[in-house]
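Chain A is already provided as a structure; the job is to place chain B on it using the hints.
Residue numbers (the working numbering), protein chains in the order written: chain A, 1 to 111; chain B, 1 to 115.
Do not take every clue at face value.
Claimed, not checked - Beyond 10 Å from chain B on every Cβ pair, some chain A residues (computed):
#	residue
1	S12
2	E15
3	N22
4	T26
5	S51
6	E58
7	T63
8	S69
9	E97
Stated by the list, open to error - Computed Cβ-Cβ distance ranges for the label pairs, DEER-style:
#	chain 1	residue 1	chain 2	residue 2	range
10	B	H101	A	Y39	21 to 29 Å
11	A	P79	B	E68	40 to 48 Å
12	B	T115	A	Y39	44 to 52 Å
Said to hold, decoys possible - A short, non-exhaustive set of chain B residues, derived as facing chain A with CB atoms under 10 Å:
#	residue
13	V4
14	H29
15	S30
16	Y33
17	G59
18	P74
19	F91
20	C92
21	H101
22	P103
Calculated directly from the structure, the hints in this document are not laboratory data. Keep in mind that this is a model prediction, so the values were computed, not measured. C-beta atoms are modelled at their ideal positions from N, C-alpha and C, and glycine is treated no differently.
Residue strings, one per chain:
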Amino acid sequence: DQQVKQNSPSLSVQEGRISILNCDYTNSMFDYFLWYKKYPAEGPTFLISISSIKDKNEDGRFTVFLNKSAKHLSLHIVPSQPGDSAVYFCAAPFGNEKLTFGTGTRLTIIP
Amino acid sequence: NAGVMQNPRHLVRRRGQEARLRCSPMKGHSHVYWYRQLPEEGLKFMVYLQKENIIDESGMPKERFSAEFPKEGPSILRIQQVVRGDSAAYFCASSPLTVDHSPLHFGNGTRLTVT
Numbered sequence: 001d002q003q004v005k006q007n008s009p010s011l012s013v014q015e016g017r018i019s020i021l022n023c024d025y026t027n028s029m030f031d032y033f034l035w036y037k038k039y040p041a042e043g044p045t046f047l048i049s050i051s052s053i054k055d056k057n058e059d060g061r062f063t064v065f066l067n068k069s070a071k072h073l074s075l076h077i078v079p080s081q082p083g084d085s086a087v088y089f090c091a092a093p094f095g096n097e098k099l100t101f102g103t104g105t106r107l108t109i110i111p
Numbered sequence: 001n002a003g004v005m006q007n008p009r010h011l012v013r014r015r016g017q018e019a020r021l022r023c024s025p026m027k028g029h030s031h032v033y034w035y036r037q038l039p040e041e042g043l044k045f046m047v048y049l050q051k052e053n054i055i056d057e058s059g060m061p062k063e064r065f066s067a068e069f070p071k072e073g074p075s076i077l078r079i080q081q082v083v084r085g086d087s088a089a090y091f092c093a094s095s096p097l098t099v100d101h102s103p104l105h106f107g108n109g110t111r112l113t114v115t
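With the rest of the complex left out, here is chain B:
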C-alpha cells in the first residue's frame, strides 16, 4: 500500500536549467496538490490538478512554472530556467476527495537546489 511517491528526492540544477519533479499519488487518489516550502517557512499551495485537468493554479508563479497530471503516469511539476530563489522543498499531496475534508497525504518531497 504505497503512499505518495515523489522523485527524485534531491535535485541539483544550475541556473537556467530545467527541473522536472514527479509525483505518483496514492492508489485510488485522483486529486493531486503541489506545495512549496521555502527555508523557515510553512508550506505554500501552488497548484491543484485532477487527471488531465488543472483545477486551481492560483499559487503558481506566472512564469517558468507549469504542472500536468496526464491520464497515464505521474503528475509533473516543471520549472524552466531555474533561479536560485527556486531552491526549496517541493511536496506533492493526494486525496480521494470522496469525503469532504479528506486529509491530504503528502509525499516526502523533492529538495531542489539551484547552484
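The following block holds chain A by itself, in its conformation from the complex:
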C-alpha cells in the first residue's frame, strides 16, 4: 500500500530552467512532508520540509508547495544546476517518526 506516490520515475531539465518534481499522498493524517536527495552510492540527504499548516516553504533555490485538498506536493528547483542531478524522494512520517517514502524521481540536468 503505497501511501506516498511519485508517478514520474524520471525527469530531464535544461540547466538554468525550473525543475518541478511531484508527489501525491493518500493518507490525510500526514501532517509533515520531507524531500530527500540521493546521489548514487550514497545515502539520502535531507533537503527541505513542510508542515501541513503551511502551503509553501522556501530555502534558497528550493521551494516546496503543499496542496492539502488535492493531497499533492511539489518541489521546485530554480535555477536548476548540474549538481542537482540526483534521485529525489518525498517522504512523510507516520508513528514513531518512521518515514514512508515515495519511489523517487531521477532528475537529470542537461548542461
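Here is chain B on its own, set in the frame of chain A:
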C-alpha cells in the same frame, strides 16, 4: 563531526550464509532506524530502535531478520540464511528526536549481494 557510519559498504554472501550489517549513529543520536531499498524502489522502513530497546519492528520480515542496538557499540542488522531476494541496499538513519520531526540523517548504506 562524523555522520552515520555504516559498514561494510559492500557485502557478498552465498545463499544460506549470515549477513551482519553495522551502523554507528551520529554523535548524540540515540534513535536508529533501518531501511531497505530494493532495485528501482523507494526506501522501506524495517525497524526503529533506541539503546537496548526495539521500539517498532513492524517492517521487519517475520523470519531470519533481527536487529539490536546494545548499550555499547553499533546497531546490528542480522540476516540469517540469506536468499537472493535479500539482495538490496540497507540504510541506517539516526535522529536525536529531541524535536518533533527532526530530519533523519542517513548513512551511505550497505549493499548486500546474495549469490
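Against the structure, the hints:
1. The beta carbon of A:S12 is kept farther than 10 Å from every beta carbon of chain B, the shortest such distance being approximately 18 Å.
2. Distance check for A:E15 against chain B: the nearest CB is about 26 Å away, which clears 10 Å, and the non-interface claim stands.
3. With 10 Å as the threshold on Cβ separation, the claim that A:N22 sits away from chain B holds: the shortest Cβ distance comes to roughly 15 Å.
4. With a minimum CB-CB distance of about 15 Å to chain B, A:T26 clears the 10 Å threshold, and the non-interface call stands.
5. Annotated as non-interface, A:S51 brings its C-beta within 10 Å of a C-beta of chain B; the closest such distance is 8 Å.
6. Under the 10 Å C-beta cut-off, the non-interface status given to A:E58 relative to chain B holds; the minimum distance is some 17 Å.
7. With 10 Å as the threshold on Cβ separation, the claim that A:T63 sits away from chain B holds: the shortest Cβ distance comes to roughly 17 Å.
8. For A:S69, the requirement that its beta carbon stay farther than 10 Å from each beta carbon of chain B is met, with the minimum near 22 Å.
9. Separation of A:E97 from chain B is inadequate, the least Cβ-Cβ distance of about 6 Å not exceeding the 10 Å criterion.
10. Hint check: B:H101 to A:Y39, Cβ distance near 24 Å, so the stated range 21 to 29 Å holds.
11. For the hinted restraint 40 to 48 Å between A:P79 and B:E68, the CB-CB distance of approximately 47 Å keeps it satisfied.
12. Between B:T115 and A:Y39 the beta carbon distance is about 27 Å. The supplied range of 44 to 52 Å is therefore violated.
13. Taking 10 Å as the C-beta contact cut-off toward chain A, the hint placing B:V4 at the interface holds, the least distance being around 7 Å.
14. At its closest, the beta carbon of B:H29 sits 12 Å from a beta carbon of chain A; the interface hint therefore is violated under the 10 Å criterion.
15. For B:S30, the interface hint is violated, since its Cβ never comes within 10 Å of a Cβ in chain A; the closest pair sits about 13 Å apart.
16. The closest approach between the C-beta of B:Y33 and any C-beta of chain A is roughly 6 Å, which is under the 10 Å cut-off, so the hint is satisfied.
17. With its C-beta approaching chain A no nearer than about 8 Å, B:G59 sits inside the 10 Å limit, and its interface hint holds.
18. Checking B:P74 against chain A: minimum C-beta separation of about 16 Å lies over 10 Å; hint violated.
19. A distance limit of 10 Å between C-beta atoms decides the matter here; for B:F91 the minimum to chain A is near 5 Å, and the interface restraint holds.
20. Interface restraint check for B:C92: the shortest CB-CB distance to chain A comes to about 8 Å, inside 10 Å, so the restraint holds.
21. A distance limit of 10 Å between C-beta atoms decides the matter here; for B:H101 the minimum to chain A is near 5 Å, and the interface restraint holds.
22. Against a cut-off of 10 Å between C-beta atoms, the interface hint on B:P103 holds, since the closest Cβ of chain A lies about 4 Å away.
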